[in-house]
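So the sequence lines, in the order shown, correspond to chains P and B.
Per numbering that gives the first Met the number 0, the first sequence starts with residue 0, numbered consecutively.
Per numbering that gives the first Met the number 0, the second sequence starts with residue 0, numbered consecutively.
By construction, these hints were calculated from the structure, which means they are not laboratory data.
Among the hints, a few may not be true.
Taking lysine-lysine and the DSBU-like style, the derived pairs with C-alpha atoms no more than 35 Å apart in a straight line are [what the hints assert, rightly or not]: (1) K19(B) with K67(P); (2) K68(P) with K2(B); (3) K19(B) with K138(P); (4) K2(B) with K67(P); (5) K19(B) with K68(P).
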Amino acid sequence: MNGTIIVNGAQIEIDFDPADTLLDVLRDNGHTEVKRGCSKGECGTCLVLLDDLLVNSCQVFAATALGKKVTTSSGLNGDGRPHVIHESFADAGAVQCGFCTPGMVMATHSLLTTTPDPTDEEIRLGLVGNLCRCTGYVKIFDAVKLACKRMRKDG
Amino acid sequence: MSKVTWVYPKSVDELTECLKNDTRPHGGGTGFMRNVPQSGSLADLSGVGIASVRVTDGSVRIGGAATFTAAASAIAAARPGHIVARALYDAASPALRNRITIGGSLALFPPWSSVVGPLVALDAELTIVGATTGTYPVSEYIGNRELGAETAITEIRADASREWESHWYRFAPTHFNYPLFTVVVLTELDGTSISDCRIVLTGNRGRFKRLEAVENEIRGTSQPAVEVTPADLGAGFPDRQGFSGEYLTHLAAVAITRGLRGAERNAT
Chain P
0 MNGTIIVNGA QIEIDFDPAD TLLDVLRDNG HTEVKRGCSK GECGTCLVLL
50 DDLLVNSCQV FAATALGKKV TTSSGLNGDG RPHVIHESFA DAGAVQCGFC
100 TPGMVMATHS LLTTTPDPTD EEIRLGLVGN LCRCTGYVKI FDAVKLACKR
150 MRKDG
Chain B
0 MSKVTWVYPK SVDELTECLK NDTRPHGGGT GFMRNVPQSG SLADLSGVGI
50 ASVRVTDGSV RIGGAATFTA AASAIAAARP GHIVARALYD AASPALRNRI
100 TIGGSLALFP PWSSVVGPLV ALDAELTIVG ATTGTYPVSE YIGNRELGAE
150 TAITEIRADA SREWESHWYR FAPTHFNYPL FTVVVLTELD GTSISDCRIV
200 LTGNRGRFKR LEAVENEIRG TSQPAVEVTP ADLGAGFPDR QGFSGEYLTH
250 LAAVAITRGL RGAERNAT
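Generate coordinates for the entire structure from the input sequences, incorporating the hints supplied.
Set out below in structure tokens:
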């Protein structure tokens, strides 16, 4: 099959197997910031925005994403520079091995978009689909709070 | 290379035609990912126009291709605390809820489905198109797998005209784990007396069970002192990883008893 998807604002032509996932297609086209973890929708390392909705790209057939807008962690800011959420993760020391970080950043972005001032419980529920195998959840939690504070300040 | 072919119907009529040709409906896709098809045809439901959610005083109408997030947010906005919205928000993760559809969850009834108990308790109906086009109670559809063969769910309707007090309980080892069972208790009060009651358990050996004998015992009483026992749960539970069937059966009986005593109730 073939078609187009718009990844981080750039339209790309894709040629793929009918059973390929969006994750397969993104990584085959150089978007290795989208990580392949469990491939079961359980670890959250492959999270992207599909038409502005957070999805596990391993759970989306590429054939159903044709013509749609995909945003990866690298495209959050639109200009290639780190987003305030990236900076918050770095400043809070929430990046250990870093494998889960792109997914954590995407889940945080989605959470703060819908819930700009989340409670502790809302943060936990917002990140419930993301696993950190370094078990660095305390720092990740701190990073979400820091990003929340900075995004409120920046309006 | 897989031999799967994709079709993109643009109306219910086109979808119905597709289903005649051994095509399986694809809502969010999560149900296919554990066993990705390598042949046959899949119909992407996103263009069919069956993803809307409408909530009125009288009913909740959910398109078969509506996602858990879309349904939960629309229902919660119109009816805060509604048991269907609470159950949907409890399922899986935010990202998965953006893909899992109500129709898919009923058609496949995967372990993570949290919507069956509330819909059965509310006597919800669904409309399917295809080999057995028609409208059926959700309980009949879930209980008879042949009914759903070569069909797609286009709409689910639940009555919303009655003022139930509701109890929702989901037992899972951690929040993100699949629930090992769910409990729904609905009670309708007439003054201090319980005029109607619905109790539904899912995850047991029969997949779901409505506890009609306990419901009959409670109707007409005031705050029930009924203690549900494992014997009330019929065939009970199979053994699951980390939990014996006997333990789960006892736990479910306690969860239902607590629900009847009014813990954590919300208006539905």
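So which hints don't hold here, by number, going up? Per hint list: single violation, 3.
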